[in-house]
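So the protein sequences, as listed, match chains A and B. For the first sequence, the working numbering gives the first residue as 40, with consecutive numbering after it. For the second sequence, the working numbering gives the first residue as 1023, with consecutive numbering after it.
These aren't lab readings, by the way, just hints derived from the structure by calculation. Worth double-checking, as some hints may not be accurate.
[Claimed, not checked] Taking lysine-lysine and the PhoX-like style, the derived pairs with C-alpha atoms no more than 25 Å apart in a straight line are: (1) B:Lys1113 to A:Lys140; (2) B:Lys1191 to B:Lys1113; (3) A:Lys140 to A:Lys179; (4) A:Lys140 to A:Lys175; (5) A:Lys140 to A:Lys153; (6) B:Lys1191 to A:Lys179.
[Unchecked claim] Short, incomplete list of chain B residues facing chain A, as computed with Cβ under 7 Å: (7) Thr1035; (8) Leu1042; (9) Arg1050; (10) Ala1052; (11) Pro1056; (12) Lys1113; (13) Thr1114; (14) Glu1115; (15) Gly1116; (16) Ser1117; (17) Trp1120; (18) Thr1123; (19) Leu1124; (20) Trp1129; (21) Arg1276.
None of the values given here were measured: they were computed from a predicted structure. For glycine and all other residues, C-beta sits at the position ideal for the given N, C-alpha and C.
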Amino acid sequence: MRNDVLVVQGLSKRFGAGPDAVQANDAVDLTVRAGQVVCLLGHNGAGKSTLVNQVVGLTLPDAGTIHLDGVDAVADPARARALASVQAQANVPITGLTPRKAVELVGRIRGLRKADARRRSGELLGALDLAPWADKPSEKVSGGVARLTAFAMAAVAPGRLVVLDEPTNDVDPVRRRLLWQQIRHIADDGAGILLVTHNIHEAEHVVDDVVLLDSGRVVTHGTPAQLVETLPGASLEDVYINLVGAEA
Amino acid sequence: MSATTVTPLSTPTSLRQLGLLVQWQLRRGADMVPFLVVVQVLLSVTTVFGYGLLVGTPPPDAAAYLATGAATVTLIMVGLVMTPQGVGQSKTEGSLAWMRTLPVPRWAYLASDLVVWTLIALPGSVLGVVAGAWRFDVTLSISPWIVLAAPLVSLVAATVGYSMALLLKPQLAALVSQVIVFVVLLFSPISFPAARLPQWLGVVHDWLPIQPMAELMRAMLLSDTFQMSTRSSLVLAAWTVVALAGAGRALARRS
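The task is simple: from the sequences and hints, build the whole structure.
Following this line, the structure appears as structure tokens:
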């Protein structure tokens, strides 16, 4: 009824064994609804990437369930992959391709027709102000342009869920604003977005819900307004530092 | 933004995706592919002439092995050495993990790499046969089945290489592939009969896929003279099944 795109329940993942074992996720619950941008916050090592990797089928959970648009993503990762698109934390090397060609090819691999992939790539690259670099060999573009290209590769045919892991890294302030607009556009068109970022200040104005992870557990969650209410006069970043700052 | 944003995606056919993956791989390697082809040609042709320097003018039976060996060596090298190096590089740079998030059947990754590496190996393999036949004065009798046999040799070599690269750490896979170069070139019954090997090594090769691959290629290139033994056919068939299953499992593995 709520049109849930991603429902994670009781998700746990431990790496290693014995005293050196790391509990990367510990009974994590999380929901992303259609049209919603959910921001996953947490310091380095809090378990954000492990959570994301389980959602997209790269890592197998020890316990818990992941449902993507009703599909059991743990039992059927292949179907889940067709429903989710991913911008990885590290830039995908596209040496030998231009940004436009890379975005187009990913769009077609994800099921768009050639003409649609071409049109959608052009729209995205234009909206991100990447036209001057769109047809240059990727070896000649800056880190920020490469980052935006990686975003466009995830956004060209987003499916039901878009997972964005640190999309603003290396991106200049003007294009960061364009990027946030596109993220909002994709959600407004009906996709759910799971966003991992350390850029709390900017994300605060775009996201609908925030989930704060610490040592693999969900410490708190709610809308930015709800979280800010817990610390009068504070920003979301202040709330974050107040809750996990000592360990960050 | 346009309505295409969340339009339910069509289900692309696996073959179409395979074509797109091949296009992705070839474009990504566009600057290196010509060099790789040249290296394979050099490897193949210099293997022929290098062995020629070692043995001078061999008797006809030895000449048959030498003339056909280079083609097999090239196919095996590409599969067992270059494929793991390519996979290792994509693991290190992070593209393999991202590619695995795409809605593409796992076999398509293997198949696209196989197509690309076979295309890279093909000129060297063909020129190696031509050079071998000329250098050792051997008259070829090529079976039309070679169009299936050569890709099969590529497939087995590449799937074994693929599994190795996916399961081992990149540095270790690179090291193992260097050892394989040494073993394939000097201690495998490809360019000489298995009877010349020490007994223990002969027994080892009875169970490895290298000897059956060489037998198959020889039977295809000199079909008037050589046949593949039933035992070798069975060993190669078993390796094909095991290697395909292994690569499939390795590709589907979740950490």
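Hint-by-hint comparison with the structure:
At most 25 Å may separate the alpha-carbon atoms for a hinted pair to count; lysine 1113 of chain B and lysine 140 of chain A meet this at roughly 22 Å. For the given pair, lysine 1191 of chain B sits about 9 Å from lysine 1113 of chain B by alpha-carbon distance, which is consistent with the 25 Å threshold. The straight-line distance between the Cα atoms of lysine 140 of chain A and lysine 179 of chain A is roughly 15 Å, inside the 25 Å bound, and the hint therefore holds. Restraint check for lysine 140 of chain A and lysine 175 of chain A: satisfied, since their Cα atoms lie roughly 10 Å apart, inside the 25 Å limit.
The suggested pairing of lysine 140 of chain A with lysine 153 of chain A holds, with an alpha-carbon distance near 11 Å, which does not exceed 25 Å. Proximity of lysine 1191 of chain B to lysine 179 of chain A is assessed by CA-CA distance (about 30 Å); at most 25 Å being required, the pair is judged violated. Hint status for threonine 1035 of chain B: violated, given a least beta-carbon distance of 10 Å to chain A, over 7 Å. Of the supplied interface hints, the one on leucine 1042 of chain B holds, with its beta-carbon coming within about 5 Å of a beta-carbon of chain A, less than 7 Å.
For arginine 1050 of chain B, the suggested interface contact is upheld, since its CB lies about 4 Å from the closest CB of chain A, less than 7 Å. Taking 7 Å as the C-beta cut-off, the interface hint given for alanine 1052 of chain B holds, the closest approach to chain A being about 5 Å. Interface hint status for proline 1056 of chain B: violated, as the beta-carbon distance to the closest one in chain A is roughly 12 Å, over 7 Å. For lysine 1113 of chain B, the suggested interface contact is broken, since its CB lies about 12 Å from the closest CB of chain A, more than 7 Å.
Interface hint at threonine 1114 of chain B: violated, since its Cβ lies 10 Å from the closest Cβ of chain A, which is beyond the 7 Å cut-off. Against a cut-off of 7 Å between C-beta atoms, the interface hint on glutamate 1115 of chain B holds, since the closest Cβ of chain A lies about 5 Å away. Hint status for glycine 1116 of chain B: holds, given a least beta-carbon distance of 4 Å to chain A, under 7 Å. At about 5 Å, the closest approach between the beta carbon of serine 1117 of chain B and any beta carbon in chain A falls short of 7 Å, and the interface hint on this residue holds.
A hinted interface residue such as tryptophan 1120 of chain B counts as satisfied when its beta carbon comes closer than 7 Å to some beta carbon of chain A; here the least separation is about 5 Å, so the hint holds. At about 4 Å, the closest approach between the beta carbon of threonine 1123 of chain B and any beta carbon in chain A falls short of 7 Å, and the interface hint on this residue holds. Residue-level restraint check for leucine 1124 of chain B holds (minimum Cβ-Cβ distance to chain A is 6 Å; threshold 7 Å). Given the 7 Å rule on beta carbons, the hint for tryptophan 1129 of chain B is violated: about 11 Å separates it from the nearest Cβ of chain A.
Because the beta carbon of arginine 1276 of chain B sits about 4 Å from the nearest beta carbon in chain A, less than 7 Å, this interface hint is met.
Taken one by one, the earlier hints fail for this structure at numbers 6, 7, 11, 12, 13, 20, listed in ascending order.
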